[in-house]
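Given the structure of chain C, go ahead and fit chains A, U and H with the ligands onto it with the hints provided.
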Amino acid sequence: MSTSRAKGSYLTQPAPKASQPPVQREVEVVSARPVGAYVELTLAAPEVAQRAQPGQFVAFAVGGPMTANLLRRSIAIAGTGEGTVTVVVAPHGPGSTWLAERRAGDTVDVVGPLGRPFPLPGSGTTALLVGGGYGAAALVGLAGLLRSHGSRVLAVTGAADAARLCSVEELGAVADRVEVTTDDGSAGRAGRVTVAVDELIGESGVAYACGPMPMLRAVADAATAAGVPSYVAVEESMACGIGVCMTCVLPVVGSDGQTRFSRSCTEGPVFGGDRVRFADVGSLPWDVVGADAMGVVRP
Amino acid sequence: MSTSRAKGSYLTQPAPKASQPPVQREVEVVSARPVGAYVELTLAAPEVAQRAQPGQFVAFAVGGPMTANLLRRSIAIAGTGEGTVTVVVAPHGPGSTWLAERRAGDTVDVVGPLGRPFPLPGSGTTALLVGGGYGAAALVGLAGLLRSHGSRVLAVTGAADAARLCSVEELGAVADRVEVTTDDGSAGRAGRVTVAVDELIGESGVAYACGPMPMLRAVADAATAAGVPSYVAVEESMACGIGVCMTCVLPVVGSDGQTRFSRSCTEGPVFGGDRVRFADVGSLPWDVVGADAMGVVRP
Amino acid sequence: MTVLDTAVDMTTALGSVPLVGPVLTASGCSAFGQELEPFVDLTALGAVVTKSVQLRPRSGRPTPRMAETPSGMLNSIGLQGPGIDGLLAGELPWLAERGVPAFVSIAGTRVEDFAELATRLRGVPGVLGLEVNISCPNVESRGEVFACDPLAASDVIAAVRAAADPAQPVYAKLSPDVTDIVSVARAVTEAGADGLSMINTLLGLVIDPDTMKPVLGGVTGGLSGPAVRPVAVRCVWQVHQALPEVPILGMGGIRSGLDALQFVLAGASAVSVGTAVFHDPSATARVHRELAAALAERGFSSLREAVGYAHR
Amino acid sequence: MTVLDTAVDMTTALGSVPLVGPVLTASGCSAFGQELEPFVDLTALGAVVTKSVQLRPRSGRPTPRMAETPSGMLNSIGLQGPGIDGLLAGELPWLAERGVPAFVSIAGTRVEDFAELATRLRGVPGVLGLEVNISCPNVESRGEVFACDPLAASDVIAAVRAAADPAQPVYAKLSPDVTDIVSVARAVTEAGADGLSMINTLLGLVIDPDTMKPVLGGVTGGLSGPAVRPVAVRCVWQVHQALPEVPILGMGGIRSGLDALQFVLAGASAVSVGTAVFHDPSATARVHRELAAALAERGFSSLREAVGYAHR
Ligand SMILES: Cc1cc2nc3c(=O)[nH]c(=O)nc-3n(C[C@H](O)[C@H](O)[C@H](O)COP(=O)(O)OP(=O)(O)OC[C@H]3O[C@@H](n4cnc5c(N)ncnc54)[C@H](O)[C@@H]3O)c2cc1C
Ligand SMILES: Cc1cc2nc3c(=O)[nH]c(=O)nc-3n(C[C@H](O)[C@H](O)[C@H](O)COP(=O)(O)OP(=O)(O)OC[C@H]3O[C@@H](n4cnc5c(N)ncnc54)[C@H](O)[C@@H]3O)c2cc1C
Ligand SMILES: Cc1cc2nc3c(=O)[nH]c(=O)nc-3n(C[C@H](O)[C@H](O)[C@H](O)COP(=O)(O)O)c2cc1C
Ligand SMILES: Cc1cc2nc3c(=O)[nH]c(=O)nc-3n(C[C@H](O)[C@H](O)[C@H](O)COP(=O)(O)O)c2cc1C
Ligand code: FES
Ligand code: FES
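Chains as they are written, first to last, in this note's numbering: chain C, 1 to 299; chain A, 1 to 299; chain U, 1 to 312; chain H, 1 to 312.
This is chain C alone, in the form it adopts within the complex (with noise of 0.2 Å):
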């Protein structure tokens, strides 16, 4: 994406707000669920159920009353029941490993529902979810509110094999259709995400993607490209999940045409796609606002 696109030739507009504030509770797990790699934990949050929108998380204090681990760890809202939140939950370090080894009637500490949610289209509008990996989940309460918001709903889950697959059916549920792909062809289409999506996009009014940057920018790029808007959750390291700490930032074009750091957190995870400049995630570009009191300087 160049740096220099004028301000109006956005698909996008910053994704605003949530309607409502996080809290933060001790809950219980009602249920824990292996499912192929992920663990999906569903607990008694009325609160946060109550609140939350597709596209937003939750952040866990992880390890028990003895950690040594402070910091919380975010995980997407895969869905809400009566009463109870959903999540699915991919063991990789310590922190998630002990969250996935919850089980029905632990309790644990959670904040939330955090972040933005995804913007609807227009009613009607042909929309398209792409999750990646466990990505997939937080797309299943979106693909319902869109399709009672009279949306198509073409959704693509992919993931590096069968077991890595996520919410295949929830999707189907609810999906006017489903694409499947692994990068091993265990199950599906052999291949990524964007076999699909390259397929689907030229019907679709709007895109939404959830998953493994790289992914992101894949989607972003194909939507783009094909001039629909599109809307990407993010997955940067979190500190404070709540705004706070400034840890979680990556260059984000505003509705000014600037480039500013922004927080991931409060000012995410729900991005436009055309407005994230993913080649830059990680640097520091010399447009970004207060890049020269950095000491960076135009090239």
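Derived from the structure by calculation, the hints contain no laboratory data.
In this text, all values refer to a predicted model and were calculated from it rather than measured experimentally.
Careful, some of the hints might be misleading.
Said to hold, decoys possible - One-sided excerpt, in silico: chain H residues whose CB lies under 8 Å from chain A:
| no. | residue |
| --- | --- |
| 1 | Ser30 |
| 2 | Glu35 |
| 3 | Leu36 |
| 4 | Pro38 |
| 5 | Pro64 |
| 6 | Met66 |
| 7 | Arg98 |
| 8 | Thr179 |
| 9 | Ser183 |
| 10 | Thr275 |
| 11 | His279 |
Unchecked claim - Coverage of chain H stretches by chain U, computed from C-beta distances (three or more under 8 Å per stretch; other residues unrestricted):
| no. | region |
| --- | --- |
| 12 | 71–79 |
| 13 | 152–163 |
| 14 | 199–207 |
| 15 | 233–240 |
| 16 | 246–252 |
Quick reminder that beta carbons are idealized off the backbone N, C-alpha and C, glycines included.
For chains A, U and H with the ligands alone, coordinates are given in the frame of chain C:
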């Protein structure tokens, strides 16, 4: 106790080392049972059980894999069964509270058996066993061993209140006589263990005590005054439990009559009651070996 | 949270300015306070200590900006912020409207920057005072950090004290990464500091086992959280011992009321809660409550009685 | 534990003396090695670093001698030990008989003490070399710690190097409690240190909420454990950056092979495991195993290749 007592005037010899070295194992909790204010945990730990001798202890890692509390918690061995070891835990700070929350099926990391066991008297010697609070648990195994060596066993178990009494039944099953005292009179006789000790010390050829320091001191003093050798199992704050850190020392008179800062984990926890300089615990008397190098001069 | 949930008088002061309670946020750990509104009553805090501001807006450093460490974290944000104009136009009025007192942290890379910031903040409504973040590289001295040199540190403080509103107390925020913190404390006090904030983060480094390079782009970062608490309490103790009349705002690893109590007993008359807020967004209010209860249990009728008590 | 449980060549050296493996105990954290015998094969360790010895037997300080802290601990043992005569008569022969190499830590309060200790240790069987614990108060300089002053530190090292057996490398053990660790490192290296041990504990303090006084009788104590690891890695990094040719024995919070890897990548050619032994008595052997596996996974065929790799 005078610090100038002649070498030969001690009623006890330092307790000899245990016959076997400790092991370190990840073991399963086979049962967890509340007993009054405490929790009794039984562990499937055959190698520890097989090596354990009364008076020894084990050291648990606490807090789980993400713990910020690195120091092990020492807990006296309350008994051994078929491949099992039993301990009685009083929930107090974070470590013992975590331990007391373990349930059947959980695993814990344990090192043991540690420390020196109670030395046994000549066969047939009447033995007085005095336990304070959960300290009584550590005497159950000793009572059995003494009986099997032909000793008459008199037991006194005391605590602040009925809920903090421990092992009354177990001691009752094996001892020839059991006296119970509570400070508030909620069970047994009202008062300290010393009321019973003063009555029984005369018929005893040896005394053993486990419990809080002031109680150990009182029992040791009563025994020494009566010319009866006594052995006490002390409870000093320990960082390692295995003899490498030097945090757990107290001033103890050695077989050469000299006082040293002795490690309660490896040179104890069982010490001759007349060899522990209770009044000097927590201070540095001039006549401790090496006090001169610390700048402490003979007054 | 009610401020007076126990009988203990929890009022205190920053220099000459009274505070309703002794618990403040820590600079850089609660942004400008707004994001905490869902979790705590900001007006019940001693003050919001704002993220260190410089003259110009700053982007801060590229990511990754942090690494989790045992009982702590390493950060290298690079003082991302709106600059003094942005602060005066946006955040400070927001706080003032709500009656939330602001203790404004200022930072710079030359003495004049600090002085200019202090000038700009004169008489600004709601600004209780200034915390001077001298843990910044001094561009005029090969990038050595001001706080690591008693002379450079006192130059900054003298300039700020001269420029600042006389009604606004000036606190110097000290770094623990020095051989002798008492000499720095003494120097800045003699230069006019009305109080001391202790401690800033410790310099640390984490290497990523996957990339086999430092996690942070800036190589080193600042270590904070409960891991550093014993170092922070030691600094407060040493400085209060040497300069008992100088007020101290204590911080470094405070997570609970009993942690805060350690700082108070060591000599702090107020405390900041930093990293713990990331773990528990309502930590400041909880620490206040727990500290009040802990003081009551120990028979104190006011916080002030407990300040420095461990030295007696 | 087998030393060569992977294909990686784990041999290394302390100065000119070869070691079978890079993992050593830390001074004061494994006494004189004997108590670890039930848990690890002592001959497979790089060496046992013995508890710092002084000329005379020492009782050490009264209890309490420690406080647990978040991901660490504070200690104030006061160098309890048998004195050099006891060490030469008891512990060193025990280690030598079993073929366990000893890296002997020496301590004193005047330069001559250190030199005399070095003399006494000349040619003693099994003594690989000397680690000089200069984090001791210098009685000739108002009790300032040697390690906090480049001059005092280099006086000690020069005297030890002159007195010591030429075949025994002399490592200076540095304190992190200084404004500029590189200047101390440079000074002791110029004074003849064959290598550097980093880091000793950080000065800390814990106040007991019940007694409302410092937990430790000596008021302050030394902070160790994973809490301090980022500070330790930073020190190793800075010194290796400035003095790449000087061998470093790295330590401070190492608990796992990946922790040790951070030190190696930052520039340490060997590591000591201290406080972690209290948590896990077989930690040294486990760290060796895990480090070997981590190096293999990353495609290193020898430990030596990985030393300082993060700087490249
Ligand atoms: C908005 C958002 C939504 C997320 N949704 C999910 C989800 O639905 N399911 C799920 O399993 N995971 C999700 N993650 C990632 C999840 O937070 C991390 O996988 C998890 O924190 C890894 O922590 P750990 O303790 O296992 O690993 P560690 O490597 O020990 O983590 C160390 C630190 O790095 C951070 N970190 C590590 N990996 C990531 C990552 N991929 N993204 C962000 N931070 C990371 C951690 O939060 C922690 O602070 C989400 C992250 C964000 C930011
Ligand atoms: C030889 C020996 C045998 C013991 N047997 C038992 C037993 O059978 N049942 C039982 O419940 N407890 C026993 N204890 C005491 C037990 O180790 C401590 O109660 C427990 O460690 C308290 O830890 P905590 O985490 O709950 O408290 P914390 O206050 O958090 O502990 C902090 C630190 O202080 C140490 N510490 C605190 N209290 C004590 C104490 N009373 N004695 C020694 N160290 C202490 C801890 O080990 C830890 O290192 C024994 C201690 C020793 C030394
Ligand atoms: C993410 C982060 C950002 C920080 N930013 C600043 C800052 O801008 N100015 C400042 O003076 N201190 C800053 N600090 C230091 C804190 O204010 C505090 O001094 C330190 O973190 C110790 O307290 P804690 O352990 O409670 O966090 C920052 C700390 C963290 C963790
Ligand atoms: C209980 C204890 C005693 C120590 N004694 C000594 C000592 O005698 N000499 C010394 O040089 N360092 C001593 N140290 C410091 C360690 O050798 C090591 O430098 C420090 O603890 C950091 O490593 P760690 O975090 O792995 O423990 C001691 C540390 C502890 C915890
Ligand atoms: S995670 Fe703290 S500001 Fe986003
Ligand atoms: S507890 Fe470490 S020596 Fe006794």
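* **Closest C-beta approach of H/Pro38 to chain A relative to 8 Å, hint status** => Check passed: Cβ of H/Pro38 comes within 4 Å of chain A, closer than 8 Å.
* Asked: Close enough to count: is the Cβ of H/Arg98 nearer than 8 Å to one in chain A?
  -> Violated: closest Cβ of chain A sits about 15 Å from H/Arg98, beyond 8 Å.
* Asked: Is the interface hint for H/Ser183 satisfied, with its Cβ closer than 8 Å to some Cβ of chain A?
  -> violated, 31 Å
* Is the shortest C-beta separation between H/His279 and chain A less than 8 Å? -> Holds - the Cβ of H/His279 comes within 8 Å of chain A, reaching about 4 Å at its closest.
* Satisfaction of the H/Thr275 interface hint, Cβ to chain A closer than 8 Å -> holds, 6 Å
* Close enough to count: is the Cβ of H/Glu35 nearer than 8 Å to one in chain A? -> holds, 4 Å
* Asked: In terms of beta carbon proximity below 8 Å, does the region 233–240 of chain H have 3 or more residues touching chain U?
  -> Three-residue rule met by the region 233–240 of chain H, so holds; n is 3.
* Asked: Quick one, is the H/Pro64 hint okay against chain A at 8 Å, beta carbons?
  -> Hint on H/Pro64: holds, closest Cβ of chain A at ~6 Å, below 8 Å.
* To do: Let me know if the C-beta of H/Met66 comes in closer than 8 Å to any C-beta of chain A, holds or violated.
  => holds, 4 Å
* Asked: For the region 71–79 of chain H, does the count of residues with a C-beta closer than 8 Å to a C-beta of chain U reach 3?
  -> That given contact holds, which follows from 3 residues of the region 71–79 of chain H lying within Cβ reach (below 8 Å) of chain U.
* **Hint check: 8 Å Cβ-Cβ cutoff, H/Leu36 to chain A** => Holds, because the Cβ-Cβ distance from H/Leu36 to chain A comes to roughly 7 Å (cut-off 8 Å).
* Interface hint for H/Thr179, Cβ within 8 Å of any Cβ on chain A -> This hint is violated: H/Thr179 lies away from chain A, its Cβ roughly 29 Å from the closest one there, beyond 8 Å.
Comparing the model with each earlier hint shows violations of hints 7, 8, 9, 13 and 16; every other hint is respected.
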